[in-house]
Structures are given as structure tokens and as C-alpha cells.
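Novice: Working from the sequences, and respecting the hints, build out all of it.
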Amino acid sequence: MPGPARAEPGQNSYDVTRWPGGDASEDIGAVINAIIADIKTRQQARDAGDGGKPGGVIFIPPGDYRLRTQVVIDISYLRIVGAGHGFTSSSIRFNTPPEELSNWHEIWPGGSRIVVDLAAREEAAFLVRREGNPRISSVEFADFCIDGLHFEARETGGADAENSYLNGKTGIHVVSANDSFRITGMGLIYLEHGLKIDDADALSVDNNFIAECGNCIELRGMGQASRIANNLIGAGYRGHSIYAENHGGLLISGNNVFPRGKSSVHLSGVVRSSVTSNRFHSFYPGMLVLSDGASENLVSANHFLRDREPWAPMLGYDNGLDDLFGLVRIEGSNNSIIANHISQSLPPEAITPDGATSIAIRVATGAGNYIANNNVVGTVAGSSSDEAPNSACFATQVGALLSAGDAAPLDMRTVLIDEASAGNTVLFSGSDAEVEMDRSRNAFFATPVPAAGVTP
Amino acid sequence: MPGPARAEPGQNSYDVTRWPGGDASEDIGAVINAIIADIKTRQQARDAGDGGKPGGVIFIPPGDYRLRTQVVIDISYLRIVGAGHGFTSSSIRFNTPPEELSNWHEIWPGGSRIVVDLAAREEAAFLVRREGNPRISSVEFADFCIDGLHFEARETGGADAENSYLNGKTGIHVVSANDSFRITGMGLIYLEHGLKIDDADALSVDNNFIAECGNCIELRGMGQASRIANNLIGAGYRGHSIYAENHGGLLISGNNVFPRGKSSVHLSGVVRSSVTSNRFHSFYPGMLVLSDGASENLVSANHFLRDREPWAPMLGYDNGLDDLFGLVRIEGSNNSIIANHISQSLPPEAITPDGATSIAIRVATGAGNYIANNNVVGTVAGSSSDEAPNSACFATQVGALLSAGDAAPLDMRTVLIDEASAGNTVLFSGSDAEVEMDRSRNAFFATPVPAAGVTP
Amino acid sequence: MPGPARAEPGQNSYDVTRWPGGDASEDIGAVINAIIADIKTRQQARDAGDGGKPGGVIFIPPGDYRLRTQVVIDISYLRIVGAGHGFTSSSIRFNTPPEELSNWHEIWPGGSRIVVDLAAREEAAFLVRREGNPRISSVEFADFCIDGLHFEARETGGADAENSYLNGKTGIHVVSANDSFRITGMGLIYLEHGLKIDDADALSVDNNFIAECGNCIELRGMGQASRIANNLIGAGYRGHSIYAENHGGLLISGNNVFPRGKSSVHLSGVVRSSVTSNRFHSFYPGMLVLSDGASENLVSANHFLRDREPWAPMLGYDNGLDDLFGLVRIEGSNNSIIANHISQSLPPEAITPDGATSIAIRVATGAGNYIANNNVVGTVAGSSSDEAPNSACFATQVGALLSAGDAAPLDMRTVLIDEASAGNTVLFSGSDAEVEMDRSRNAFFATPVPAAGVTP
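Residue numbers (full-length UniProt numbering), protein chains in the order written: chain W, 1 to 456; chain U, 1 to 456; chain B, 1 to 456.
The hints are simulated quantities; they were obtained by calculation from the structure and are not laboratory data.
Backbone N, C-alpha and C fix where the C-beta goes; we use that ideal spot for every residue, glycine too.
There's no promise every hint is true.
[Said to hold, decoys possible] Chain B is nowhere near these chain U residues, computed Cβ spacing over 10 Å in every case:
hint, residue
1, Phe94
2, His105
3, Leu118
4, Glu123
5, Leu149
6, Ala153
7, Gly158
8, Leu166
9, Asp318
10, Pro348
11, Leu416
12, Glu419
13, Ala420
14, Glu436
[Unchecked claim] Stretches of chain B that chain W covers, calculated by requiring three or more beta carbons in the stretch to come under 8 Å of a beta carbon on chain W:
hint, stretch
15, 132-138
16, 170-184
17, 219-226
18, 250-260
19, 365-372
20, 419-427
[Stated by the list, open to error] Stretches of chain W that chain B covers, calculated by requiring three or more beta carbons in the stretch to come under 8 Å of a beta carbon on chain B:
hint, stretch
21, 274-281
22, 338-345
Specialist: Below is the structure:
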């Protein structure tokens with residue numbers, strides 16, 4: 001992965017630490033912009049011998065690089081590549097008392113690490129923008145770290161700033177329609193918006209580590225035929241781990257999405273797309289939301305777990321939704337929800353509103369949804385998590401996860417179909433008692449119940 | 001990714017731009033062959049201190065490289081790696097009027113780009129061939145682009161040449177039995193055959209962009225235990241996006257396969273294999289074909305969408321199949337088709353033959369197939385797509401995708417079992433009216449229908 | 001991928017072949033340890049301008065490197081990266097007669113290949129260990145080969161040593177709690193333990209080739225939110241291909257796991273985890289084992305094939321389990337087994353104990369398991385495989401796989417629920433005759449049977 005001895009024009013390969021016209025450690029943004037300008041100067045012929053503008057690769061060796069100038073990418077075929085995603089939990093670090101912290105081995109993320117330090121908070125660290133045709137193509141970000149450093153709580157007046165998930169910072173923002181981009185192996189940390197891509201076609205977001213961001217992945221505008229796969233993702237309580245709007249043919253698969261996240265996946269107006277073979281974990285309802293007419297989507301072979309916040313510093317926060325919202329929420333038609341496992345583990349007193357029965361899958365509006373062979377498991381969790389000490393975060397979290405085996409059952413409404421929705425089909429996704437719907441307007445086969453006297 | 005200052009024999013690392021014996025921009029094929037010869041010269045001992053022939057890595061920096069000499073690989077452990085897959089849509093470019101094109105930023109693919117320019121069209125750009133034992137192992141292609149430049153319509157006499165998907169060119173052809181190969185991050189474009197691998201064992205084809213090729217991925221001969229996963233793929237109307245024959249234990253998962261493609265996946269004589277968690281989009285019937293006794297395969301958690309060609313230049317082409325062929329076609333036994341979503345959106349007048357009801361899943365021959373919990377959604381699409389302007393390709397396509405929410409239902413034959421097939425089981429994959437089969441020779445449970453008066 | 005001309009401290013990039021203080025080909029372990037020491041010397045400030053300890057990258061060019069000193073990693077953000085996973089089958093090589101071998105092109109694995117040659121067999125080649133806080137983070141291993149060279153049969157007194165899968169060697173062992181590690185593109189071969197990671201959080205093991213090891217992947221201790229995905233894996237008959245204990249939220253997806261392996265996947269005390277979209281192949285029962293109270297896991301969209309050992313040198317070995325153990329074995333509660341395909345192809349005389357009916361899914365203990373829409377296919381295989389010649393290994397294996405189409409059916413017990421387990425639900429996973437359970441204590445809907453006279 002390391003770069004050449006010196007950027008040589010003929011090779012279209014650059015190393016930010018060896019660019020003669022700047023100091024990458026002081027402002028990697030200015031250096032990358034200068035390199036892009038160099039590529040554009042050297043690659044002016046559109047059609048020279050069946051080629052002409054192959055783009056280039058910019059290598060970022062491991063190191064800390066301050067970014068004081070926004071990078072603006074307006075050429076196709078540019079690859080920016082580091083040698084380490086560099087994630088570490090800044091959230092744990094900022095919730096550790098200073099006296100403990102003084103013994104820590106290191107306190108910052110690392111790898112090929114860009115420290116976002118733009119005067120204009122609203123600017124993305126990396127902006128991709130090009131008007132005209134063709135759409136900008138095949139820009140690649142790989143194997144480096146973008147770190148927003150601190151949350152700042154501008155909206156909350158500074159209270160509990162580092163836990164606010166607010167700092168206005170964005171890691172990568174693609175604002176122009178784009179084709180065949182690849183984002184792989186990246187680490188995005190402590191950014192209000194990690195990755196924001198408008199109008200994507202055939203995008204791959206694969207094998208990244210995007211966590212402790214306000215929002216992790218946002219596909220805005222409209223788009224098609226893209227993949228968000230094989231990532232480790234976890235947003236803060238305010239934002240989305242994965243958000244997409246007006247996309248068709250989006251494939252979200254193989255991701256491990258951990259808390260917190262206002263939602264694990266929110267698809268707004270997304271159609272004919274897939275959410276398959278993912279693992280989702282959340283501390284709040286509203287894990288998967290299909291809204292604004294999201295239709296003809298497939299949700300299959302996913303594992304959903306919702307349990308309770310186990311970590312003291314975050315106990316004061318949630319996404320504001322109560323347990324009637326649904327862990328999976330559908331406002332759209334002709335979606336298929338098949339062969340998913342949904343676990344919820346809560347102390348009954350934590351369920352809101354008081355006395356309510358939690359809802360696993362709620363069809364709020366729409367028709368023709370097909371909900372089949374989903375298994376919902378509710379279990380009663382102890383309420384000791386309030387006392388989770390900061391220093392035992394990992395063991396506490398895993399301990400909470402591992403409490404599954406011997407827990408008492410928790411009543412769940414496995415499926416609720418609202419009056420506003422009809423013409424749906426619910427098969428083997430809950431017993432007759434667990435499913436609430438107008439059976440004269442929707443079709444239903446109940447999961448059979450093992451004989452009385454048997455405690456599942 | 002960039003290469004060393006100079007190929008140094010002790011390091012087994014080469015950079016095509018720094019090889020002293022040739023000009024990679026004029027003929028990268030000759031340079032790579034010379035490098036392979038150098039590796040072979042230096043690595044002659046089969047057993048020198050528990051090693052001896054570790055192979056090497058050949059780096060291709062971003063740039064345009066003409067390939068006038070076929071590369072022949074006959075050593076194991078060779079990795080050829082670039083720094084950019086470089087895809088852009090040549091199909092859009094070649095269907096754009098010259099007067100518009102003159103304003104384009106760039107007109108060719110890029111990245112680490114190989115321009116295939118062999119005098120003998122039938123030769124693959126990269127040929128892997130070695131007789132004897134052991135099978136050639138661990139050859140890797142990564143992160144570069146192979147561009148066939150133009151389609152040529154040799155069979156059609158030149159009419160609409162660039163839309164013919166014919167030029168005789170092949171990107172990579174492995175003709176000898178092989179083990180543990182990896183193809184990752186590649187871009188293959190405008191080749192009649194993108195990737196053709198005979199007799200593969202434990203092959204990985206992962207995270208590539210293989211599109212606008214006559215055929216994208218072809219596994220020929222026989223093979224086992226391979227993976228085609230996490231790719232973006234889309235062949236032309238003549239060929240297959242993914243084709244495999246006589247394979248066992250093939251795993252096709254996590255791919256986003258877009259139109260056109262004569263088929264999205266065609267498995268001929270393939271057994272005990274998986275097609276799971278993919279997203280498929282096609283403009284024709286015959287999206288997934290299990291033929292020639294394909295048996296004991298699992299097709300699960302896939303999203304299928306078939307709608308109408310939205311792009312004017314391609315309106316004259318299709319794969320010649322009518323709507324009775326089946327979107328999913330089975331000619332084999334004991335296959336499992338479980339938990340898939342199948343959408344079809346067409347104007348009724350586009351369905352052929354006239355007056356026919358389209359078939360989602362057709363079991364033409366074979367027995368013991370298990371078809372369960374598939375949801376088929378038919379919707380009526382408008383017919384305005386004929387007028388799709390070239391310049392609005394992306395928005396038009398996405399617009400067509402997004403039309404799902406409010407469409408009227410389209411009658412579908414969700415499952416048809418031919419007289420030649422019996423002993424199959426169909427569960428909850430269509431209502432009694434939607435499934436056509438001899439119920440005395442196959443087993444059937446109907447999807448229940450929401451009560452009359454409800455429009456799903 | 002190749003490295004820079006010389007390790008320059010400012011760049012944090014190293015090439016093992018250019019490190020001045022050692023000879024990587026003689027002892028790469030000593031060289032890497034010296035490089036790590038250099039990084040630690042140069043990166044001492046914990047907080048220097050919002051950074052300070054970014055780590056580094058160590059590049060291993062293709063070549064054979066003996067490892068005589070254990071590598072000890074105790075810094076975060078270290079990436080060790082090669083340019084080739086270098087797998088070849090040592091198992092075939094060591095079972096090939098010397099007279100044939102003399103004609104082979106090569107006899108050892110290759111790529112960026114580390115030859116493990118530690119005097120203390122019990123030491124891992126790469127040991128990751130750091131006490132204190134924070135947990136060591138973002139160590140990455142990529143694209144190189146770790147070869148254990150020989151199996152040694154210390155426990156068996158040397159008989160059939162190279163087929164013993166015993167040599168005490170471990171490729172990578174992470175003993176300290178760790179966060180956000182990545183293992184990608186590696187080749188691990190002929191090690192008793194390939195990859196052993198204790199106490200993992202947010203680990204990615206993706207796109208590796210780990211085969212012909214005693215055990216391939218072992219996640220020990222406890223852990224959460226990790227991914228084992230997109231790998232090619234196959235352990236020897238003694239050990240596990242994938243083993244995990246006390247993990248929550250583990251996602252095992254998209255793997256192609258081939259024989260042999262005492263188990264393909266063994267999850268001990270693992271909860272709320274996923275096994276989805278994998279392909280599993282085994283020659284023994286006990287392919288997927290959920291034990292020690294493994295609960296609330298999802299097993300969906302997987303293909304299981306169990307057939308008979310086709311290769312002469314391995315005919316004397318198995319995992320000691322008989323056919324009543326279950327191909328899928330559950331000792332735990334509230335697991336979901338949905339939409340899987342299970343094939344078994346055996347000659348009836350190979351089934352043990354004599355006269356037994358093989359069991360596909362066995363729930364030995366636990367309650368509340370949900371087993372739905374699994375299709376079990378049993379077929380009678382010929383017994384000619386005993387005569388499989390060594391030299392035709394590939395063709396023989398594929399031939400065995402391809403025998404699916406025209407085989408006679410083999411009776412299977414598709415689901416067995418033991419008396420010790422109750423409160424489970426079995427839906428459409430076998431006919432009334434094929435499922436054995438106490439129907440008064442578990443719920444059941446039978447797969448309907450095609451009408452009499454029809455042979456599926």
C-alpha cells in the first residue's frame with residue numbers, strides 16, 4: 001500500500017507526504033486539491049489514443065493529517081487510499097474520567113487518519129461535485145479514517161457535548177449525480193454525517209467501519225442499483241445508521257448494525273429493494289422503518305435484537321419513540337417481510353407507554369404486504385443495567401447479550417396492522433393471540449401454539 | 001497501492017511503468033509477459049528451504065495501457081493489481097449524439113485501464129493456462145479495468161454496432177483447472193466475454209464491477225466450492241450476467257445484477273448450490289434459469305424485478321423469450337425456492353403472447369421442487385417509457401423504478417408446473433387462482449386471500 | 001501494494017525486505033518486532049495536536065519468509081499487508097506419491113508467505129496482546145499467507161503425520177480484548193489453529209482463504225457485533241471450520257465452508273446471532289451445532305450438503321458422530337431455523353448405526369425453537385467413492401457433487417425433537433412421517449405430500 005518514492009507525472013500516483021507543494025500533516029486538504037489540479041493539468045485530452053483521462057491514485061500513509069481546506073473532487077477515476085481505517089471508540093474515551101484516561105495507551109483514532117478541522121463546519125471534508133456529463137464516475141475512497149474529533153452540542157448549548165452527536169461535520173458528501181463509486185474499508189468517526197451521497201447509481205459501500213457518527217450512511221435525492229454491504233455500522237441516538245430515500249434496487253446485505261441509531265435502517269420512498277442477511281441491534285423501537293410509500297421491498301433473513309441501553313452515559317438518551325411504534329414499521333405497500341428473527345429483551349417496566357404490549361412488526365399504512373415466517377421472541381430482562389459502570393462497557397454489553405438463554409417470556413404483539421392498512425397477508429408470524437389485525441380485511445394464518453402446559 | 005521505485009528481483013514486485021524492457025502504454029501485454037518470464041527465471045527451485053516459487057505482484061498504476069500482446073499466465077501466486085476499476089458507461093456515451101458528446105468531461109473509462117487491442121479477436125486479453133500438476137493456484141486480479149473499447153457487430157453486418165455486444169473480445173479466460181483464484185475489485189467493460197473460467201475450484205469473484213459486457217461471468221467446464229458475491233453486474237441482451245455449468249457448491253450471494261442480460265443467472269447442470277440474498281433486475285423473462293437437470297439448489301432471500309426497457313436505444317432488443325417462459329424457470333429436481341420477492345411491472349399490452357398471463361415461477365421439468373413463501377407482486381406500468389430521452393437515462397430509469405407505490409395490480413401466474421413435472425410442493429406462493437398445476441400430482445397450500453372488497 | 005524505496009520514519013510505512021536491522025527471509029518475526037519497536041519509539045506522545053499514535057503499515061512483498069521469532073503486537077492501528085494469499089493444497093501434495101510429485105510445477109504455497117518455524121510449537125506466529133485501556137484497536141492482517149508447513153501427529157505417534165491436522169501451530173492469536181480488528185484476504189494453511197481471537201468486539205473476518213487447518217476460525221472467551229463473512233473455509237476432520245463461544249450479535253454470512261471439519265459451524269453459548277446465506281458442505285453429521293444454551297439465533301437461507309468422503313487418503317477419518325446426531329443440532333432455546341435447504345447423499349450402508357434413519361435437524365434440548373420452511377432432500381449415492389484415485393481428486397469430488405440429478409430418494413428424519421425439549425414449533429419442514437416429535441408438547445404443521453404414485 002505505501003506510495004512511490006516521489007509523485008511522477010507519468011504514473012498518476014501520488015503520496016500526500018511527498019507532494020512538494022504543501023505539508024499534508026498541516027493541511028491534507030490543500031495537498032489533495034493541489035494533486036487533483038495537477039492531474040487535471042496533465043490529463044487534458046479527452047481522446048488521445050483511445051484514452052486520455054485515467055485519473056489517479058492518492059496514497060495516504062498512516063499518520064495524523066489535519067484537514068483545514070475542504071477537498072473538492074471533480075474528476076472521475078480518482079482513488080484516495082490509506083493503510084488503516086483506524087477506528088477506536090472515542091465515545092468510551094470521552095466518557096472515561098480523566099484520572100483513568102491518563103493511563104491509556106492512546107486516546108485518538110489512528111491509521112491513515114484525517115482530522116477534520118474546517119472553519120466552516122457545514123462543509124464536508126470531502127466534497128464530490130461536478131456538473132455536466134457524463135456523471136462523475138468511479139471515485140473510490142478506501143482504507144483511511146476520517147475523524148470529526150469532538151461533538152460540540154451546538155444545539156443543546158453545550159451540555160454533555162461529546163455525547164451530543166452534533167458538530168456539523170460531514171466526512172464525505174457527493175452532491176452531483178454519480179456512477180460506480182466505491183467506498184471500502186473506511187473508518188468514519190465522530191462526524192455528524194459520515195457518508196452522504198446524493199443521486200447514486202451503482203454505488204458500492206462495502207466493508208467499512210462507520211460508527212459513533214450522528215448519521216452513518218445517507219443516500220439522498222434518488223438512486224438505483226447500489227449496494228450497502230458487509231459493513232460495521234452504528235450511529236448515535238439522533239440519526240440513522242442507514243438512510244435511503246427514493247432509491248430503487250438498493251441491496252442492503254450482510255451488515256452488522258449496532259446501537260444506537262435512531263433507526264438501524266430507514267427507507268423513505270424506497271422501492272423494489274432488499275434488506276437481507278443483516279444483523280440489527282438497537283436500544284429503541286423503529287429499528288427498520290419503511291416510510292413514505294416504500295413498496296415492493298424484501299426484508300428477509302435478518303436478525304433483529306432490541307434490548308435496553310446498558311451504558312450509563314447514554315441512559316438519558318433515546319429516539320423518542322414508544323413501544324407501540326413497532327420494531328419494524330411499514331408505511332407502504334406490497335413489501336415482503338419473510339423469515340426474519342426478532343428478539344426483544346426488556347424489563348417490563350421499561351416499556352412505554354405504561355402497560356403497553358410492545359409491537360414487533362407494525363403495518364401502519366399500505367396494502368398487500370406479505371409477512372410470513374417471522375419468529376418473534378420476547379424475553380424479560382433484569383433492570384440492573386442502570387448501574388453499568390463505564391469501565392466495564394464491553395463485558396457489560398456482552399453480558400446483556402448473553403442473558404438470553406434462561407429468561408422468562410415477555411408478551412409481544414408480533415404483528416399489528418392498523419385500520420389504515422388492509423389487504424395484507426400474515427402467515428405464521430405469531431399466534432392468534434399475538435397478532436392484532438382486522439381479519440376480515442387481511443389474510444391470516446396463525447403460528448400454531450405448542451400444547452398448553454408447555455412453556456416455550 | 002503504487003509500486004516501488006524499480007522492480008528489484010529480490011522483492012518479486014513489479015510496476016509495469018518501470019519495467020526496463022518495454023513500454024506498457026504501448027503494449028502492456030508484452031511487458032507483463034516479460035515480467036512473468038523474469039519471475040520464472042528467478043524462481044526455478046521447487047524446494048529451496050521450504051519454499052521457492054512464491055510468485056509475484058505486478059502493479060498497474062492508473063493510466064491507459066494498450067494491450068497488443070495476449071498475456072499468458074502459467075505461474076501460481078501471481079497477483080496483478082491496479083489502483084482503480086475505472087468503470088463508466090460506454091453504452092450511454094455511444095448512444096449520445098456527437099454534438100452533446102463534445103461537451104463531455106471524459107469519454108473513456110479510466111483507472112488502471114487496459115485497452116484490449118489484439119489483432120486476433122478470439123484471444124483473451126489475459127489467458128491463464130498451465131498443464132500438469134498441481135492445478136495453477138492463487139492467481140489474483142484486483143482493482144484494474146479491462147476495456148474492450150467498441151462493439152463491432154460482426155454478426156449483424158455492422159448495424160447499430162456499438163449496441164451489438166459483439167466484438168469477440170474476452171477479458172480474462174482461465175482454461176486450465178485452477179484452485180483458489182481471486183478476482184476482486186475489477187472493472188470489465190465492453191467485452192463480449194468479461195470473465196470466463198473453466199474448471200474452477202474454490203474461486204472467489206468478489207466486489208467487482210462487470211457491466212456492459214456481452215457476458216459478464218461464465219464458469220465453464222465443471223467446478224466446485226466457489227463464490228460469486230458482492231458484485232455489480234449487468235450483461236447485454238445477448239448474454240448472461242452470471243452463467244455456470246456443472247458446478248457443485250457454488251454460492252452466488254449479495255450481488256446486485258442489473259439489466260439487461262439474457263439471463264441474470266443461468267445455472268446449467270449446477271447442483272447443490274445457492275443463490276441467496278441477491279438483487280436481480282431484468283427487462284425480460286428468464287431471469288433465473290435452472291436447466292439441464294440443475295438439482296438440489298437453494299434460491300432464497302432474493303429480490304427479482306422485471307419491468308420494461310426504459311431506454312430508447314435498447315427498445316429494439318430483447319432476449320427473444322415470451323412471458324410464458326417464466327421469470328424463474330426450473331428444469332430440474334429437488335430445488336428449493338423459498339422466501340423470495342418477485343415483482344413485475346409492465347403495461348399489459350407489452351406482455352407476449354397477446355392476452356397471456358405472465359408466469360413468475362415455472363417448473364417445466366423435474367420433480368421434488370419445494371417452492372415456499374415466495375411473494376409475487378404484479379403491477380401495471382404506464383407505457384410512456386418508449387419516449388425515454390437518451391439524456392435523461394438515469395432519472396428515467398429511477399423514475400420507472402419508483403413508480404411502484406401507486407400502481408394497479410397486474411394479474412400474474414405466480415407458479416406454473418408443467419405436465420412434464422410432478423411431485424413438487426408449492427406453499428404460500430400464490431392464491432388458489434394464481435397457481436396452475438395438477439393438484440393431484442403435486443402438493444399445494446394456497447396463500448390465503450384477503451377478504452373480498454379489499455384491493456391489495 | 002509494493003512498499004516504498006526505504007522505510008522512512010515520517011511515513012509510518014515499512015517494507016520487511018528493506019528493514020536495515022534484519023533479514024526477513026531468515027526471520028520475519030524478528031524484523032516485524034523491530035519495526036513495531038521503531039513505531040513505538042517514534043510514536044510516544046499520546047496527544048500531540050489531536051493525534052499522536054497513528055500506528056503504521058508493514059508491507060510483506062511476495063516471497064518466502066521464515067518466522068523463527070514470534071511476532072508480538074501491542075500497538076493499535078497496525079496493518080500487516082502482503083500481496084498474495086498464496087493458497088495451494090498441501091493436503092493433495094502430501095498425499096501424492098513422490099514419483100508423481102517430481103513432475104510438479106511447485107510444491108509449496110506462495111504469495112507473501114510466512115513459514116512458521118518457531119521452536120516453541122505452542123506459540124502463535126502472531127500474538128496480539130496488550131493489557132490496560134483502551135482495548136487494542138484496528139489491527140489489520142491482509143493479503144498474506146501463513147503456512148504451518150507440515151502436520152506432525154504428535155498425539156498419534158507419527159502415523160499418517162501429514163493427515164493428522166496436528167502440529168501445535170497457530171497462525172494468529174489475539175489474547176487481549178480487542179476492538180475493530182480486520183482480517184481480510186489472508187491465506188492460512190496447515191496450522192493446527194488458523195485464527196484464534198479471544199474477546200472480540202466488532203471484528204471483521206472477510207474474504208479469507210482458511211483451509212487445511214486443524215481449526216480455521218475460533219472466537220474464544222466472549223464477544224459481540226462481529227462478522228465472519230465471504231470466506232472460503234475448510235478445517236480438517238478434527239476441528240472446527242468456524243467456532244464461537246459466548247458471542248452475541250455475531251453475523252456469519254456468505255461463507256463457503258467445505259469439508260472436512262468436525263463441524264462447519266459450532267456455536268457454544270452464542271446468542272442472538274445469525275448464520276445466513278452460507279453454503280456448507282460436510283462429510284459427517286454435526287455440520288451446524290448450537291450448544292450450551294445457544295439461544296435466539298437465526299439460521300436462514302443456508303445450503304447444507306452432507307455426502308460421503310470421496311478421497312482415499314481421508315477414508316479412515318471422521319468426526320466420530322453417528323447419523324442420529326443430526327446434521328443440524330440444537331441444544332438451546334428460541335432459535336429460528338428458517339428457509340434452509342439440507343441435502344444428504346449417502347449409500348444406505350454408510351449410515352450409522354446400522355439401519356438407522358439419518359436426522360437432518362435434531363433439537364436435543366431447549367424450548368421455543370421455530371423451525372419453518374426447511375427442505376430436506378435425501379438421495380441414495382453409489383458407494384464407488386472408495387476407489388477414488390488421488391490424482392483425480394478434483395474431478396472425483398465434482399463428479400460426486402454432480403450426481404444429484406438422477407438419484408433415488410433416501411429416507412430421512414427431517415426433524416427430531418427429543419423428549420428433553422418441548423414447546424417448539426415445526427412448520428413445513430417435513431411430512432407427517434418424516435418428523436418425529438411429541439405432538440402434544442410441540443406444535444407442528446406437516447409439509448403436504450404430493451399424491452400417492454408420484455415419485456419426487
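Novice: Please go over all the hints and tell whether each is borne out by the structure.
Specialist: Here's how the hints hold up against the structure:
1. Phe94: Non-interface label on phenylalanine 94/U holds, nearest chain B Cβ at 34 Å vs cutoff 10 Å.
2. His105: Fine: 30 Å to the nearest Cβ keeps histidine 105/U off the interface.
3. Leu118: At roughly 27 Å from the nearest Cβ of chain B, leucine 118/U sits farther out than 10 Å, so the non-interface label holds.
4. Glu123: holds, 23 Å
5. Leu149: holds, 28 Å
6. Ala153: holds, 37 Å
7. Gly158: Label holds. Min Cβ-Cβ 42 Å, cutoff 10 Å.
8. Leu166: holds, 32 Å
9. Asp318: holds, 31 Å
10. Pro348: holds, 33 Å
11. Leu416: holds, 16 Å
12. Glu419: The claim holds: glutamate 419/U sits with its nearest Cβ about 13 Å from chain B, beyond 10 Å.
13. Ala420: Nearest chain B Cβ is 13 Å from alanine 420/U, so the label holds.
14. Glu436: Holds: least Cβ distance 16 Å, greater than 10 Å.
15. 132-138: holds (count 7)
16. 170-184: holds (count 5)
17. 219-226: holds (count 5)
18. 250-260: Holds: 4 residues of the stretch 250-260 of chain B have a Cβ under 8 Å from chain W.
19. 365-372: holds (count 4)
20. 419-427: holds (count 5)
21. 274-281: holds (count 5)
22. 338-345: holds (count 5)
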